[in-house]
Structure formats: C-alpha cells, structure tokens
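Let chain A serve as the given structure and place chains B and C on it in line with the hints.
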Amino acid sequence: MTIEELEQIAESVRLENAKFDYEVNVCMDLACASQGAEKLRDALVKAVEASGKTVLVRRTGCMGPCSSGPLVRVDPEETLYHHVNADHADAIVASLGGDPVPTLQCDLNDHFDKQVRVVLENAGHIDPEKIDDYISCEGYKALLTALTEMTPNGVVHRITESGLRGRGGGGYPTGLKWGTVAKAGGDLKYVVCNGDEGDPGAFMDRSVMEGDPHRVIEGMAIAAYAVGASKGFIYVRAEYPVAVARLTTALREARRRGLLGSNICGTTFSFDVEIRLGAGAFVCGEETALLASIEGRRGTPRPRPPYPAVSGLWGKPTLINNVETYANIAPIVRNGGKWFANMGSERSKGTKVFALTGKITNTGLVEVPMGIKLREIIEVIGGGVPDGHTFKAVQTGGPSGGCIPAEMLDIGVSYDALLKVGSIMGSGGMIVMDDTSCMVNVAKFFIEFCMTESCGKCIPCRAGTAQMHTLLSRICDGSGTMDDLELLEDLCSTVKEASLCGLGQTAPNPVLSTLKYFRNEYIEHIAHKRCPAGVCNIKAAVEVLA
Amino acid sequence: MSKLKLATVWLDGCSGCHMSFLDMDERLLELAEFVDVVYSPIVDTKVFPDEVDIALVEGAVASVDDEIKIKKIRAHSKMVVAMGDCAVAGNVPSMRNPFGPEAILERAYIENATLQQQIPCVVVPKLLKVVRPIHEFVKVDVFLPGCPPSAETFHTALTALVTGGPLDISALTRFGA
Amino acid sequence: MSDAVEVKTLIIDEQEVSARRGQTILDVARENDINIPTLCHLEGLSDVGACRLCLVEIKGSNKLLPACVATVFEGMEVSTNTERLQKHRRMILEMLFAERNHICAVCVSNGHCELQTMGQEQGLTHIRLPYRNPSLNVDASHERFTVDHNRCILCTRCVRACAEIEGAHVWDVMGRGINSIVITDLHEEWGSSTCTRCGKCVQVCPTGALFDKSKVGTDHPKNPDFLPYLNLMREAQ
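Residue numbers (the numbering used here), protein chains in the order written: chain A, 1 to 546; chain B, 1 to 177; chain C, 1 to 237.
With the rest of the complex left out, here is chain A (with noise of 0.2 Å):
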C-alpha cells in the first residue's frame, strides 16, 4: 500500500458514490437505532427501489443531536430531517429531487453553527464498516505519510508542536507523554487505548469508537511508529457491544489492507492491535488499573511512579491513551501541528467532545473549540433548559466532576479553568441540572456512584466515599446536623488528598462544589428539615422525646 493507491481506493469510492444522484445518510448510532433506525433504512432501501431513483442509502455513525433521532441527512443538499421512522421513508424517498419533506425537517442550524469538528469530522459521513470509505475521506493517509516521510521524532515533535493534550480527563501533554516512551528503552513496547468510557451520561468514546473506529486504529499506529511499538491494545468496556463489532470489522479490514500487521507499507514498521475486554468496572479507566486488567489481573490501580510509560504492561514502557486523543493524530498529522494549535485556547488547544445529557433541549454529542464559552454550549448549541425551567447547574467530567453555577457559565472550557472552578474537563460528560434538581441529592447521586464503584483497595476512597453517602444520606432525609456538615467536609479533604488513584481523589468534587456554590441548600435541609427543590423526602419531625 502506497500513498498513490490510497488515492486510487478513494477515487474509485467518489466515483461509486458519483452514481448516485442522492445520499440518503442514516444514523446508527446506539441513541437512533434504538428508536428504529435499522427498520427505517430497511423502508429507505425499499423505497429507493420501488421509485427507481438512483439513491444510495448508508448506515453512517452518530450525527450528534442524539434527542433529535432517528436522523436522516439527505446529500448534496444536507437537508436533515429529525424524528424519522419507517413509516415517513416513502416521503423522503419521494421529495428526492424536489422540496425536502417540511414536517420532518429540523432546524438545527444554531446547534451546528457553533461546532468545530475534528474528531468527529467524519461521524455521520462514512459507513463505519467500510474501510474503503475512510479512505475516502483522507484516511490512513496521516500514517502512511508518517512511515512514509517523517521519522518518529518528527511525529512526536509534530504533536508536541500541536498542543494536544489527554483526552481522558487529566489533560496531561500527548507530545511529553509520547516523548517519554519513545525514549524508554527496551526494543518491546506498547500502545494501548483506553476505551472504558465509564462516566454515567458520557459516550463521545463510545461514538467515535462506533462511527469512526479506523481512526482510533490510525491514531494507535502513528503513536506506535513514534514510540517504537509493535503492539497495540484496545481496551472497550463489554457494555459497548456494537463499538466492539465495529471496531472487530475494521481491524480485520485494516490488516486485510496491509495498514495493520508486519512490515506496514513496505516499511520495517510492523503493528498490530488486540482488543481486550473490560467487564464493568469503572476504575478500570484509570490506566493502571486499566494495564493489570489487560494483563488478566484483578483492575486495581498501583502508585505512581513508576508511570506506565516507563513500566507498564508487563513491566515494558506503554502508551496510553484516550480514545479521543488517539482520534485527533491523524488529523494533526495530516495538517500540521500548526494548524491544531491555531484552535482553542491558550493552554488548551483544539477541540473538545462532549457529551451534553441532562435538562437540556438538544442532548447528544458536540464538539466545540477549546476555550468556548460554557454558555454558548449550553445556550446556543444545547438549545437551553426545556420545558420553561431556570437552569440552576452543569456538571462536568463524570460522577467525580464539581458542578458550576449559573453565574460561572461565563468561564472559557479549558482544564485549567475548569479545575479552578472546582471541576473536572474530564473524559467529556456535561450533565446540565435544572431548578428540580436538589444539589445535595445530586452529590448523594454521584457520591453513591463513587462509592459502588470504588475498587476497595486504600482505604479513604474505600470507606471515605461510603462515609460521605451515609452523611449525605442523612442530610437528605432531614437528619443531618451541623456537625454533620463539618465532618462532611473534613471527609473530603482526606479522600482528596490521601486516595491513591484519581477515582479516589476526584470523587468529593461533587460534594466540595456544591458546599462552595449550593451550601444554602445543605443547609435548608439541615436546620429547616426543608429540600428546596422539593425532592427529597425529609422525614416528618424527628421522634420527640419526653
């Protein structure tokens, strides 16, 4: 495989999809096909077949607005229709050629407006199971143009130059990380990616993983030239079975293509890449816990350092990293580090995915610039709180994420700003909270998450986190006291700072934010025995006693 033949692959696609007049894009992803989808591009096929119109219908990954499904794109005129189901493929079909169909057309022009895609650049564009069709869209040509023309230190420089940082949440530099094991020593290595998105209300891994996964595969090939790798590991949580599918097909399509396997391209680089399967453990996302669970060992995560780019899977230095990171390679490959760092803020560059789920009118998956207003993602491309509410609260980064106030909104998305308001950026979940939301139930709610998920092995995120939900507990049903409150508090300083992993230590951000922006709250439920947003059930007066 050369770059000359890519392009032949490409053209041929172009020119295949130049026979039809139409392209009718069906969303797949989990959210639409879970309301149809799959019987709808069955109506579609069948319909195309009895008007006689040359249309060709593809099963395409997620389009975003995922509470707008199932979504129809209509191409080359974009027209996208919105709550689709079988029995409107007829009209569709008919209005091909003519005006779209008004009852279903939606009008998302704000939501798309605001957006950046990069990652998601081809997700809702490419049939995921097709190879041929991520070629088409430039694909593999960043790895071959790597192997090809640049040596890997280029590469590393290239994403040093860029700016990129982890996508998974701790935002830590991908060019610095890259650099540390392409100098370890040693001549076996590995790259692996951590796909057990596990942050309740948060799938931008999962999408990428279903929508795009040659991309994820690209990515991990150019980390492995530039470390110095031969083997890679997907690790997908067992929740994700269609991701799992997915991504299946395109390793075999990819080493089918010779991308993948020995001697890549007619180079001495040779690479190939393993999927390993998590069984629904939340810690391990945390990436030691993560490599024991990849060695077959129980997922607990283990003091740092050594970090895994020095002693990692099996005590070789590993590469780890996000989904989304792995997405952004080739991208920044093909176009420069330049161009990557031209996006974003000053610390932060590029774009970021989230996942926007909660009391908000356009859930489902964006992806912004860097440096974005939480306001305007909230507002503009969200579409706000529906149903005539006030919104009162967005949370940021999974269950161990702190939750801003309306009058923080104003801030720019970026890791640093973010922690210093008490969050998180972590993996991309964005949970927006509206005047019926309760906030201290809300941190019992993550509390409790933290705590079932705690892996049990120190002891403040062990007994620390179940501590602070039996507190939380008690404040919820009107028996809490000030003191209460005090040990609260004095819990999360402990947890925070004495946990071992970044479960631990992220996990009383909740609590921690909503004291500082919500404390009246706590205590309307402490010294009125009243929930503000009337959900808890405050128990009636306590037994009085003679």
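Rather than coming from a laboratory, the hints here were simulated on the basis of the structure. Wrong hints could be hidden among the right ones.
Calculated lysine-lysine pairs in the DSS-like style (CA-CA distance at most 27 Å, straight line) [said to hold, decoys possible]: (1) A/539 / B/139; (2) A/496 / C/87; (3) B/5 / B/126; (4) B/72 / B/5.
Below, chains B and C without anything else, positioned relative to chain A:
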C-alpha cells in the same frame, strides 16, 4: 471553694467502669476533697440533679430510655465524660448491631428460654435499632476509652479534670485497655 | 548527573540522612529511627501503597506521597508528621475503626494489635464517623486457624504473604469497594481450600482477623519478623 458536683451514670454497660472507678480505693478520699457525688447508681439519689459539674457516663445508648437519659444528662451537666469503651465506641453492646434487636430478643427470650418463652414488652424500655456511642446523641467533652479504664486512668484523668490540669488521654488509655 | 550517584543525601524531618539510590523514603526513615506509621507495609513483602497512612509531604510538591513506595532523590526534603498529615492519618484510622466491627475489648489481638496501637499513637480517643456495623462472617472451618472478617482492614498482607512467600496464592480479594473481602481460593471455606497450613498469613495479619485457634484469650502475639530473615536465607541459597 465549694466542691464540684459529680454524677456517674450507667446506661447500657456492664458496670465494670463503675467497679474500676471504685477500685481507686483510698484515692477516692483524695478525690472527695474536690467533689461531691450528687448522683450515681451507688448513691441513693433517684433523680438527676438540675446542675451537675461533671457527669461520668458509662455504657452505650441502646434503648429509648438511654436516649432520654443522655439528653437529660447533657442538658444538666457542664461537662460530660464518656467513661469506657461502651460510652465511647459502643463496644460489646454494639455487637448486636449487625443482627438487629429483634434477632437478639428472639435468641435470648425464645430460642434459649426453657420456660415462659416471650419477649418482654411491659415496663422494660424499647430497644433502639442500633446501639450507638453517646457522642452520636449529645456533645461529649472528654473521652476515656478502655474496657474498663483502669483505676489509675480514672485517678489521673479525674484529678486533671477537677484541678484543671493538663490531660493527655492517649498516654493513659486506649480502646480495649 | 545526580542520578548516576549511588548515594543520595536528603532531609527527613529536618534531619540530614543518606540513602542508596532506589531506596524508599520509608526505608530510609526507619534506618534513622524516624517513625512513619504504616499498616499495609511489611518488611519482606511487596508494597501496595494502599493504607495511605505513610503519606508524607515533599517540599515543593502539593501532592502527598506514600513513603513505602516513593523513592528518594538527591536534595529531597521530606516532612513525615505535619499537622496536615496527622489530620489525614487520624481520619483514615477513624475510617478503619468505623468500617467493620472492631470491638477491641473482646478481640484476640487486644494489646498487640497494630490498628489499636496506631489509634493510640495518633491520639484517637473516639470515632466521629458513624459506625457502619456491617454483617460479616467468621470462617472457622480450618482446623488450625480462623478468619474473622469483622476485624479485617484489607491490608492484603495475607494475600501477599501467601502468594509471594509461601507461593500458594490461596488468599485474594473479592468484591469491590466497601464490599471487598479477603477470600480463600474461589471463595471456598478456608478449611476445604488448597491452604498449605503454613500459617504465614496469621503471623503477618496486623489485627485479630486471622488467628490461631490453639491459643486462648488474648494470647496471640504475632511474629512477622521471620519474613525478611526468610527472604535473606532464600537469596543466599
């Protein structure tokens, strides 16, 4: 100088702490220079006085009655001392917590009773679901762990408390001492 | 380059000490009679950094490091007993005491329990946290030993002693978070497990969770000191 009013109370405990208290023997006389025992299982007073300076509380809070008592003690005492592991940590009485009061009553009064198998329900106070140390109900000023704290511990601690001297409890005693 | 130097000098609690490259802070501190509390660390076993009691402060870093696994570097300034550390240590001990049913008065290890002693050393007179009172089993199926989960602090010394020293790996941890327990084999009764009856786990257990049935009352002193000696003799072979 008028003497301090000292009360000692016995909630859900074994009276061991009171025994250990009495084990101070002749040193009790020294202590009597400073305090009057105004209420105790070992004196005749039946009603907890309105004003007490130091209340030594033995035992955990295990029944409705204990809860009423400890709140009353707190309301009428300047200083509350949790005396011994039951008051400090729940200790042996709290060993029923994983099973619950019903299981315990069933075991004691039905399974292991040869005659008159019935769970007492008249006069005796109702058991709380969970036995807890006293500081989970009221503010406690001094904790004296130990099962029981030794006479030596009592002497040193009480001397410090009545004279206002320094007191390092961890140097004297520990849980289970 | 300072990294090539085999001997490092550093400061622990304002005391100048020297160390070999690769030594842990805990090792160096103990060599110099500086006490850093630990429960999961035991000389002769691998370190897991799980009890978090040995956290220390390093000048110039806001992060607390576990002394049992953090290695020394030239010019390092370590504080082992600051107010911040004491506060966390007390809270961690409170968490341990409240987590299960630790009734010192009736425990076989009363008087020689590492948890009890450490509670006293750290000035713990009561537990502010609500006791969790979990319902846990006692497995007395083994002919020589008993495991009382009520007293287990999940330090995993037994797991490591069994796997690393005895080579049997009968013990391991089951479950997650607050529901974790140590188990024998695949959660079979200890008595019918593949246990070799060597008793190393009992000797290394810091509390009364594992104990010898043949002893009565609180006559259960543990002697984990055999481990480093055993390792030394094995290396010599």
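ask   = Quick check: which numbered hints come out false for this structure?
value = The structure conflicts with hint 3 only, although it agrees with all the remaining ones.
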